[in-house]
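Asks: Read off the chains here:
There are 2 protein chains.
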Amino acid sequence: MRTIPITVRPLTEQAFAPFGDVVSVEGAERRLINNGSTERFHDLAGIDVSEGGGRAIVSLFRGQPFAPPVVVAMMERHPLGSQLFYPLSGRPFLVVVAPDEAGRPGEPLAFLCPPGTGVNYARNTWHHPLLSLEAVSDFLVIDREGPGNNLEEREYPDVRYRIDAVAP
Amino acid sequence: MRTIPITVRPLTEQAFAPFGDVVSVEGAERRLINNGSTERFHDLAGIDVSEGGGRAIVSLFRGQPFAPPVVVAMMERHPLGSQLFYPLSGRPFLVVVAPDEAGRPGEPLAFLCPPGTGVNYARNTWHHPLLSLEAVSDFLVIDREGPGNNLEEREYPDVRYRIDAVAP
Chain A
1 MRTIPITVRP
11 LTEQAFAPFG
21 DVVSVEGAER
31 RLINNGSTER
41 FHDLAGIDVS
51 EGGGRAIVSL
61 FRGQPFAPPV
71 VVAMMERHPL
81 GSQLFYPLSG
91 RPFLVVVAPD
101 EAGRPGEPLA
111 FLCPPGTGVN
121 YARNTWHHPL
131 LSLEAVSDFL
141 VIDREGPGNN
151 LEEREYPDVR
161 YRIDAVAP
Chain B
1 MRTIPITVRP
11 LTEQAFAPFG
21 DVVSVEGAER
31 RLINNGSTER
41 FHDLAGIDVS
51 EGGGRAIVSL
61 FRGQPFAPPV
71 VVAMMERHPL
81 GSQLFYPLSG
91 RPFLVVVAPD
101 EAGRPGEPLA
111 FLCPPGTGVN
121 YARNTWHHPL
131 LSLEAVSDFL
141 VIDREGPGNN
151 LEEREYPDVR
161 YRIDAVAP
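First to last, the protein sequences are chains A and B.
First residue of the first sequence: 1, per the working numbering; consecutive thereafter.
First residue of the second sequence: 1, per the working numbering; consecutive thereafter.
Excised from the complex, chain A in its bound form (with noise of 0.2 Å):
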């Protein structure tokens, strides 16, 4: 089995557009509400989950840390929901997306994801299940509830991409 090294790049809202939302602060818009005492940074991420009658839900993911060299043998996908992650950690963690290519994930791109700076995978956009750095890590989560299979998984056949070093 051929082992691929793969890169990890900065997380930019150009570089993510094909896969989904950057969840910051950065270039949102700003409201000031609440008679002044609340600013409002508006609109960081549009939820997709109405699909087959499905509901957006809240949840908390508890991720176990991934030290280098991580290995990425698999990738999944959500045919009928968008799945944001937000850190409530304080640390920064790994996020590792792909093209689809005839029903199947392509060669992964890897990103580094800042504290305060979540995403959110378009509905059907193949992902990494999450990869948490330094310490176990919380997330909030929102995705879809619902009938319907909404989980797709696939093993790379015949090779194997490897993450040395975290940093970009």
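Since the hints were made in silico from the structure, they are not lab data.
A quick note: this is a predicted structure, and the numbers were derived from the prediction, not measured.
A hint or two may mislead.
To be clear about the criterion: a stretch of chain A counts as covered by chain B if any three or more of its residues have a C-beta under 8 Å from a C-beta of chain B, and this derived list gives those stretches [unchecked claim]:
1) 7-19
2) 41-49
3) 102-115
4) 137-148
5) 155-167
Now the in silico label distances, taken between C-beta atoms and shown as ranges [claimed, not checked]:
6) B:Gln14 <-> A:Pro68: 45 to 51 Å
7) B:Asp164 <-> A:Ser37: 16 to 22 Å
8) A:Glu134 <-> B:Pro68: 36 to 42 Å
9) A:Pro99 <-> B:Thr12: 44 to 50 Å
10) A:Gly106 <-> B:Ala17: 43 to 49 Å
11) B:Gly36 <-> A:Thr3: 36 to 42 Å
12) A:Asp43 <-> B:Thr12: 30 to 36 Å
13) A:Ala165 <-> B:Gly36: 43 to 49 Å
14) B:Glu13 <-> A:Ala165: 42 to 48 Å
15) B:Gly146 <-> A:Gly27: 21 to 27 Å
Sample of chain A residues with no beta-carbon within 12 Å of chain B, all distances over it, derived [to be verified]:
16) Met1
17) Arg2
18) Thr3
19) Ile4
20) Pro65
21) Pro69
22) Pro92
23) Pro99
24) Glu134
25) Glu152
Cβ coordinates follow ideal geometry from the N, Cα and C atoms, glycine included.
Following the hints, put chain B in place on chain A, whose structure we already have.
Replies: Frame of chain A, contents of chain B only:
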């Protein structure tokens, strides 16, 4: 104008139930996922925003801190959608809600929401705007975007309520 002191009570699921969800891992259904590397605390809050063609959006609120005495002169509610606040700051905040009395807010109840715990105001529930404590504090907010008027505000006409201490 009369001023009535109100006491702050601890936030419990039972006491808050008429007003919405307490968003906490306490008592939540736990699922081990991602080949055992992630613990999912499942479905801590349901998002109720589809009324009138609405959709869920995620925003970040940055609230100025309040300190006692906190005067409660008005309340607001969102007739078309729930609104969830999850603290990102590691600090407590105050939650003030009220039953409806013929289309106006009744006597308020105040709760101290501890770090790591959020609330999801049910649709059309009277609540006070964000009351951060101690320092400027960020919250992840899930509420509704869409057509229609989703904000109703009411002053208490002949009374003020006053919170003199935040500890329950």
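Asks: Per the coverage rule (Cβ-Cβ under 8 Å, at least three residues), is the segment 102-115 of chain A covered by chain B?
Replies: Per the Cβ count (0), the hint is violated.
Asks: Would you check whether the claim that A:Arg2 is not at the interface survives, using Cβ distances to chain B and the 12 Å cut-off?
Replies: Consistent with the label, A:Arg2 stays out of reach of chain B, its closest Cβ about 22 Å off (over 12 Å).
Asks: Just tell me: holds or violated, for the beta carbon distance of A:Gly106 and B:Ala17 against 43 to 49 Å?
Replies: holds, 47 Å
Asks: For A:Pro65, is the shortest CB-to-CB distance to chain B above 12 Å, so the non-interface label stands?
Replies: Check fails; 9 Å does not lie beyond 12 Å.
Asks: Kindly confirm whether 21 to 27 Å is satisfied by the beta carbon distance between B:Gly146 and A:Gly27.
Replies: holds, 23 Å
Asks: So A:Thr3 supposedly isn't at the interface. Is its beta-carbon more than 12 Å from every beta-carbon in chain B?
Replies: holds, 19 Å
Asks: Would A:Glu134 pass as off the interface with chain B, using Cβ distances and a cut of 12 Å?
Replies: A:Glu134 clear of chain B: closest Cβ-Cβ about 14 Å, beyond 12 Å.
Asks: Grab the minimum beta-carbon distance between A:Pro92 and chain B and tell me whether it stays above 12 Å.
Replies: The claim holds: A:Pro92 sits with its nearest Cβ about 15 Å from chain B, beyond 12 Å.
Asks: Is 16 to 22 Å a correct range for the gap between the Cβ atoms of B:Asp164 and A:Ser37?
Replies: holds, 19 Å
Asks: Quick check: does the Cβ-Cβ distance between B:Gln14 and A:Pro68 fall within 45 to 51 Å?
Replies: holds, 46 Å
Asks: Is the hinted range of 42 to 48 Å satisfied by the C-beta distance from B:Glu13 to A:Ala165?
Replies: holds, 44 Å
Asks: Between the beta carbons of A:Ala165 and B:Gly36, is the distance compatible with 43 to 49 Å?
Replies: Taking Cβ atoms as reference, A:Ala165 and B:Gly36 lie about 25 Å apart, which means the hint is violated.
Taken one by one, the earlier hints fail for this structure at numbers 1, 3, 5, 11, 13 and 20, listed in ascending order.
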